[in-house]
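Undergrad: These are the residues of each chain, in order.
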Amino acid sequence: MMEKIILGRYLPADSVIHRMDPRAKLMFIFGFVLIVFLANNVATYALLGAFTLFVVFLSKVKPQFLIAGLKPVIILILFTFFLHVFFTKEGELLAEIGFFTIYKGGVIKGIFISLRFFLLILVTSLLTLTTPPISVTDGIEALFGPLKKIKVPVHELALMMSISLRFIPTLLDETDKIMKAQMARGADFASGPILERVKAVIPLLIPLFVSAFKRAEELAVAMEARGYKGGEGRTKYRILAWKSRDTVSLVLLAVLAAALLVLRS
Amino acid sequence: MDIKLREVEYRYAAGTPFERLAITDVSFHIPSGEYVAIIGHTGSGKSTVLQHLNVLLKPLKGEIEIGRRTIVAGRKEKNLKDVRRRVGIVFQFPEHQLFEETVEKDICFGPFNFGVPMEQAKKRAREAVQLVGLPESVLERSPFELSGGQMRRVAIAGVLAMKPDVLVLDEPTAGLDPRGRHDMMEMFSSLQKKNGLTCVLVTHSMEDAARYADRIVMMHKGRVYKTGTPHDIFRDRDSLTAIGLDVPETVRFQRLMEAQLGRPLSRLCLTPEELAEELSRMRRESL
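Protein chains in written order, with full-length UniProt numbering: chain L, 1 to 265; chain F, 1 to 287.
Everything labelled a hint here was simulated from the structure, so no lab data went into it. Among the hints, a few may not be true.
[What the hints assert, rightly or not] Straight-line alpha carbon distances no greater than 30 Å define the calculated DSS-like cross-link-like pairs of lysine-lysine that follow:
no., chain 1, residue 1, chain 2, residue 2
1, F, 4, F, 61
2, L, 180, F, 122
3, L, 177, F, 221
4, F, 78, L, 199
Source: prediction; values computed, not measured.
Sequences are here, hints too, so could you generate the full structure?
TA: Here it is in structure tokens:
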């Protein structure tokens, strides 16, 4: 059941987007998230949509992966859509169903807001689909590097992040294994009253905690045995290289922002 | 209790872009009371097959007959408890499944789930602990203060206390010391012989497969490559090496000796004891 989680997975491939510097990608995403909010009419949304499709095309990620990744949030998008349809009272009246009234302004706003949601999730999931988690961490560490000057433990935080990311699949595997072992001993995780079900999780959680702690200790010992003592003076295996395509991507984003500013009403 | 697999197929993450074929067209028969070994390279689908034996995984194609119950692909299965009780699975590194405060409570977890009353479950726990070669005093201790080998034994006792008809073992001795390994394998074998328990053993050890199994199923790339008695399987070294396995040490030794002697021995010996017996017989005859 764990294997069905797609959101946040990395898909190895070779594309311009895959080859981009993670720092550029992170800055790009951050910028994109901001300028999405500039769009407020048909022209601007069309431009944003076209731009996003272009990026998706460049990434060579198969649409089916993106759609599968969107599944968990589709309910949220629909919810916002209907919220606006029913509760925004602007423009001309379109229909009246009993207690509910639907206005033209509400429908338009609903479409726009859910489109905004959709684009945000599409682009951010493109980041995780095209960037190995470890590169994301490297990128974050590099971007937040200056904060070291004010004593923020950037390296340690990045290390914590990469270790947790590294162990997510391991823990999921482990959960699956222990669940199966307990089910083989007659445990039932799926049915019964809620209290029973909460109790049923204990035989799963305790072994998971035990093994997580054991693993953490082993990892710490293994790191120390190899002389790890933090970021000070440590060289890097993966060296980030800023290429011209990274600059181009940020310039494109700036052009898009400018176009949106001109077109917005 | 018989188990029959017919053209079973399973895919992980079926219906997602990550879909991966694990086993296909797997058919074999585990007759009641027999000791069946499943051998094959890592990734050959052994563990996937094993999880079908008590319906932890449901086949996507084909069907499985477990005793009187038939599991057919695509049908919703309800109330699998009876199947789970009758087919006990000891997973790899079963010590990872321990969770209770005391060994006794942990062993009783299975029996309680299957509705065994308290007194009887406790009695079963005492018996199971003895079977796996631990002192009764261990019952009151926390499983987490035991050694790795002892934890393994407690976990196995937890499955034995369910009193299954079929015992499925996935590399039960991996990581144990040679003595513990031998004791454990002998215990399973005697349960099979004396109590009529059906045993299914997934193993990498050709020696164990040769010594204990009545029948061997060879798996390769998600398919059944060959089935037969240990003699059938280990006579044919070429088909074993073709899928990255080899004959047991004793057979290798016998083949080397035959090459030196310039003639074959009268029979294929699967264990050192058999070989020693055969050699002393030959010596008596030549005197």
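Undergrad: Next step is simple, just say for each hint if it's right about the structure.
TA: For each hint, the structure was consulted:
1. F:4 to F:61: Status holds; Cα separation ~14 Å.
2. L:180 to F:122: 24 Å, holds
3. L:177 to F:221: Holds, because 22 Å separates the two Cα atoms, which is no more than 30 Å.
4. F:78 to L:199: 22 Å, holds
Taken one by one, the earlier hints all hold for this structure without exception.
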